[in-house]
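Protein chains in written order, with numbering that gives the first Met the number 0: chain Y, 0 to 160; chain G, 0 to 288; chain L, 0 to 748.
These are computed hints drawn from the structure, not numbers from a lab.
Any given hint might turn out to be false.
[Unchecked claim] In silico negatives: residues of chain G with every beta carbon more than 10 Å from chain L: (1) Thr19; (2) Ala173; (3) Val193; (4) Arg206; (5) Arg225; (6) Asp229; (7) Ala242.
[Stated by the list, open to error] In silico BS3-like pairs for lysine-lysine, Cα to Cα no more than 30 Å straight-line: (8) L:Lys58 x G:Lys1; (9) G:Lys82 x Y:Lys149; (10) L:Lys291 x G:Lys1; (11) L:Lys278 x G:Lys1; (12) L:Lys160 x Y:Lys3; (13) L:Lys282 x G:Lys1; (14) L:Lys618 x Y:Lys149; (15) G:Lys250 x L:Lys278; (16) G:Lys42 x L:Lys58; (17) Y:Lys3 x G:Lys1; (18) L:Lys279 x G:Lys1; (19) L:Lys618 x G:Lys42; (20) G:Lys51 x Y:Lys3.
All values derive from a computational prediction rather than experimental measurement.
Backbone N, C-alpha and C fix where the C-beta goes; we use that ideal spot for every residue, glycine too.
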Amino acid sequence: MHTKVRVQSTINGEPQEFLCEPRQSLLECLRDILGLTGSKEGCNDGNCGACTVILDGRVVTSCLVLGVEAEGSEITTVEGMAKGNKLHPLQQSFLENAALQCGICTPGFLVAAKALLDQQPNPSEDEIRLWLANNLCRCTGYDKIIRAVKQAAEQMQEVNA
Amino acid sequence: MKWFDYAAPVSVGEAVGLLTAHPSARLLAGGTDLLVQLRAGRKETDLVVDAKRIPELNVLHYDPAHGLTLGSAVPCYRIYKDKNVARAYPSLAEVASLIGGTQIQGRASIGGNLCNAAPSADSAPLLIALGATCRVAGPRGSRDVPVEEFCTAPGRTVLQPGELLVSIHLPPPAPHSGSRYLRFIPRNEMDIAVAGVGVEVILENGRFRSARVALAAVAPTPLYVREAGDSLAGSPVDEASIATAAEIARKNARPITDMRGTADYRGHLCGVLTRRALEAAVARARGGN
Amino acid sequence: MKGQEYTVIGTRPLRHDGVDKVTGRAQYGADFQMAGLLYGHILRSPHAHARIRRIDTSKAEQFPGVKAVVTADDFPQVAERIVDLGEGDTPLSYARGNVLAKGKALYKGHAVAAVAATSVHAAEEAGGLIEVEYEVLPCVLTAPEAMRDNAPIVHEDLKTKEFGKKTDRVSNVSEHFRHVMGDVEAGFAQADVIVEREFHTATVHQGYIEPHNATALWNNDGRILVWCSTQGAFVVRDVTACLLDVPVSRVRVTPMEIGGGFGGKIPVYLEPVAALLSKKTGKPVKIVMSRKDVFEGTGPTPGSYIRVKIGARKDGRITAAQGYLAYEAGAYPGAMVGPGAMCVFAAYDISNVVIDGFDVVVNKPSTAAYRAPGATNAAFATESVIDEIAEKLGMDPLDFRLKNAAKEGTRRADGPKYRRVGCVEVIEALKSHPHYSAPLGGPHRGRGVAIGFWFNVGLPSSCTISVNADGTVNLVEGSTDIGGTRTSLAMQAAEVLGISAEAVRPTVVDTDSVGFTAVTGGSRTTFATGWAAYEAAQDILRQMKERAAKIWETDAASIMVERGVFRWGDKSMTFQELAGRLGQTGGPVVGRGAVNPRGVGGSFSGCIADVEVDPETGKVTILRFTSVQDAGKAIHPSYVEGQMQGGSVQGLGWALNEEYYMNEAGSMMNSSLLDYRMPTALDLPMIDTAIVEVPNPGHPFGARGVGEANIVPPPGAIANAIYRAAGVRMNRLPMNPPAIMQAIWSQRD
């Protein structure tokens, strides 16, 4: 008899509890159990980054994390980036720079870029490209995404200055 | 995937017990190979044993006298973020930063990379070149295995039923030593190595005192080419000796043709990468980076 | 309206659906949820070519959680007939066959059966319990192979159509057509230089990040409700209805947000299957493809074999051109060789041309459109040969192209004569761009250029706009928004009405709620649906003039309206003010537009690529890239730039590393995003863009479709750049490191 496992974690600052099968990925748990459909499935094998979340301070592809592994963890998804009614500077910058076309890769890029700027407030173009190499975009050619990340970095530094 | 159960042991003993009791159980560190293989049906399991709560598998400790102890579940990002490791073993930090991409490095471990035993394992050539050993624990106790003996065939290691890789040990870096891992991939990140070369050189009075050269993706397992390193021992540090070693490496490669490259091309790359890696290792040994 | 200064057109408002897309709230097809949802899984053929002898679903049906299993036998039994599902005539059995195989599996990945269960994992496990008995047949994988006399036959009932007439010959060539203009023999006789080369391009995939998905509910009232990510809700409606043999009105398709398509989400794969499963279970059924299924079970673009021969005089004028294009259709006829033939020499003014095109079936997934389908393959060939001739004549590659550039009045071999087009302007923009004269700055570096064309399509679109009392308007349309088109439509309506783009609220609705609208594809949405929005807005102005007339007690003909201000004599009222008075003057104002526009303007594009080739590994690094394109009129320049950048990068991936690596048994070995290598952010420089505007005389704002032409030149430009960097001319795509290394070695020997 197969028994589901109870997992307790903190997601976007809120305690969450869910029941899942061990074989269900964190991505499945977020999307299908918790209704947090902002993280997307593009490949289910860690190669496209559309499922990127921040797990205990690290960006990871949530398709390669089991839900049960998230016990006791802190997770940030795209749904946790805006503060109340106010978009995160990256979200605003992506809009202003037209850094999305179909938008399916956008949540993954936003979360990954947020993690970058959290630890490196002033990355160069090369550093941004290296950090984001695990996030695929097929629509934009990355140009406007890079610009958007740089602009957000500048804005965030101004705010902090 | 079929249903599997999940366990998160907190000691090596507990883990060994689980692996012994469940012959088809699999150890889970970063999951970046295992989950992909389970989903593709290339592996099957009824029990996933999480390695990440076992202290010995998560240790990352360096001291100048004893060298580096790298727990087998330590994710790549911890390796390149650790200042001591990055200073003492810059080439290891580099390897940790080129497996996959940022998100993969947030989870994948060098130990897992080695246990996955792909012919193209990026960590293996450098570990071999650095003279690493693997600390294995099992129902009959612990043993050490030189890393060049660890992988026995594609996807297979020396691990017996119930055994697990606890940690990898690197000797302290010798004075005037330098190492480097270079690989060829068609893109700039994210790819499996088409060919990879790891080297370590130790210099003395303007000559090579010793060197070790190992290859990835050109044989069923990571390949230690003893002859290439031996050819450098005692030789002057110059283009000619490096070229000789590179040619030996190229000749010893046994590549196949597959979707990542042709045999000819891979063999050729071994020569090129060995030369370039040796040049870089020499520069490092001399104090450059 | 053209030619004047615009208030909204040409500006860069934030896209209307942007906030939802950056917060993760936007609902894409796989996000759809509904009470009682079951999950579907499709079992696919492991063989490239096999007779299906027997399918035993009994074990699967008994697996815990399974509610239904279907095969092709579950389609309603109807007589074979010819149907037109938007891409020409096709036998119904072919249209159904790709959705669920009957009789034969024609490619590895061909859908054979489907399961619905209470969880995705249960459905997948149960799928593994379906037993299929196959009789494996020899397979054929490339066009030249398939065209040989004793090649294995993919369709025993497929007779070759030759020059427009059906013959009695059963072969893998579904069609052979020929375009002839002038006299090529005479033309080549006049040439001082002739270059003839052959080229091979591998199968590549559109590579959208979102896999196909569909949810269907066969409701208790007999209506089939569908939610899916698609480029064309009406195509899904019509195809689903046709395959299930129900009237079109029984199907309602709600398009969800879509994560990329590029042509690959026009064909219908999952909806009829989900509907059949829903019919059997009485529940909604959701099916989402895995990435592997996307590679193996959808529609990549044709691999091809192409020969191009061009002759030119010493003075640089091309005298003749000949093209032979054999494209792999995949398992069912319909390779985009027609468009390829339309575009192969489309950038040039040549009097003597012969083009032979072959639509060839092979045992690979049935191909679909991929952004300017057919043209990229052809341009790789032509632009390489053009480059070689320019070099032989000692002419600058752009000057040679200028000398022969297509212009207004140039006739193409497939018939049409160009109206005003921007080929010359694009080439001049390339020449004058600082990139073209910048130093290369190092050894093993080279610069290549190429140009290309895409004709764009019109096709029908519908739109309604209703006026709100606060002066905003609701714009209802049926073009799924893949790249910001809600906003480009809103901008066109806003320009007509004299209000801001933000005052327009665009919504994409289901097939019950708006008039017929063709696909979001063919670079048509901003052009055609934009035109429908334009018409609806004009309709609103007419009606509002009448209301103003009522208020001012005069006749509507005396009312002037300009930039949103209604005037009569010294009286005036803004759009917003008048909107507040509609209730008193007769009630709601709703405008409509329904168009099938003819004035489509083709778009020319060109690019400059700088590469560095590592002579020891063959690896290509793209140092600098510039894309130029004629947009006619850039409605929203940021999104025009985005199209240019995105198409360019797809072209670069196609050029360098992307391919279906097939083994001899017809199995794709690299069906994952690890080994199907699309460019990452680390593989590219910034993509510079320059928009050229040669207004399309056939559109109110001069707009030309921009989505597609930009993917056409990059492979040719990269090939030309590699030649200058490494001294080798590549004639195969992809130009990956082992191939370049081999070319360098062959040259040394």
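These are the hints, each one checked on the structure:
1. The Cβ of Thr19 of chain G lies farther than 10 Å from every Cβ of chain L, with a closest approach of about 28 Å, so its non-interface assignment holds.
2. In this structure Ala173 of chain G is separated from chain L by more than 10 Å, as the shortest Cβ-Cβ distance comes to about 30 Å.
3. Its beta-carbon lying about 8 Å from the closest one in chain L, Val193 of chain G breaks the requirement of being farther than 10 Å from that chain.
4. Distance check for Arg206 of chain G against chain L: the nearest CB is about 27 Å away, which clears 10 Å, and the non-interface claim stands.
5. Every beta carbon of chain L lies more than 10 Å from that of Arg225 of chain G, the smallest distance being close to 25 Å; the non-interface claim holds.
6. Residue placement check: Asp229 of chain G keeps its beta carbon more than 10 Å from all beta carbons of chain L (closest about 25 Å).
7. For Ala242 of chain G, the condition that its CB be more than 10 Å from all CB atoms of chain L holds, with the nearest at approximately 13 Å.
8. Our distance criterion of 30 Å between C-alpha atoms is met by Lys58 of chain L and Lys1 of chain G, whose separation comes to about 16 Å.
9. For the hint linking Lys82 of chain G to Lys149 of chain Y, the alpha-carbon distance of about 27 Å falls within 30 Å, and the restraint holds.
10. Straight-line distance between C-alpha atoms of Lys291 of chain L and Lys1 of chain G comes to about 18 Å, which keeps the hinted pair within the 30 Å bound.
11. With a C-alpha separation of about 28 Å, the suggested pair Lys278 of chain L and Lys1 of chain G falls inside the 30 Å cut-off, and the hint holds.
12. Taken as a hint, the Lys160 of chain L and Lys3 of chain Y pair is broken in the structure, with Cα atoms around 59 Å apart against an allowance of 30 Å.
13. A distance of roughly 25 Å separates the Cα atoms of Lys282 of chain L and Lys1 of chain G; the hinted pair therefore holds under the 30 Å criterion.
14. Distance hint between Lys618 of chain L and Lys149 of chain Y is fulfilled; the C-alpha atoms sit about 29 Å from each other, no more than 30 Å.
15. Between Lys250 of chain G and Lys278 of chain L the CA atoms are separated by roughly 64 Å; this puts the pair beyond 30 Å, and the hint is violated.
16. For a cut-off of 30 Å, the pair hint linking Lys42 of chain G to Lys58 of chain L stands: about 23 Å separates their Cα positions.
17. The hinted pair formed by Lys3 of chain Y and Lys1 of chain G meets the criterion: a straight-line CA distance of about 14 Å does not exceed 30 Å.
18. With a C-alpha separation of about 26 Å, the suggested pair Lys279 of chain L and Lys1 of chain G falls inside the 30 Å cut-off, and the hint holds.
19. Of the supplied pair hints, the one linking Lys618 of chain L and Lys42 of chain G is violated, its CA atoms being roughly 34 Å apart against a limit of 30 Å.
20. Taken as a hint, the Lys51 of chain G and Lys3 of chain Y pair is honoured in the structure, with Cα atoms around 21 Å apart against an allowance of 30 Å.
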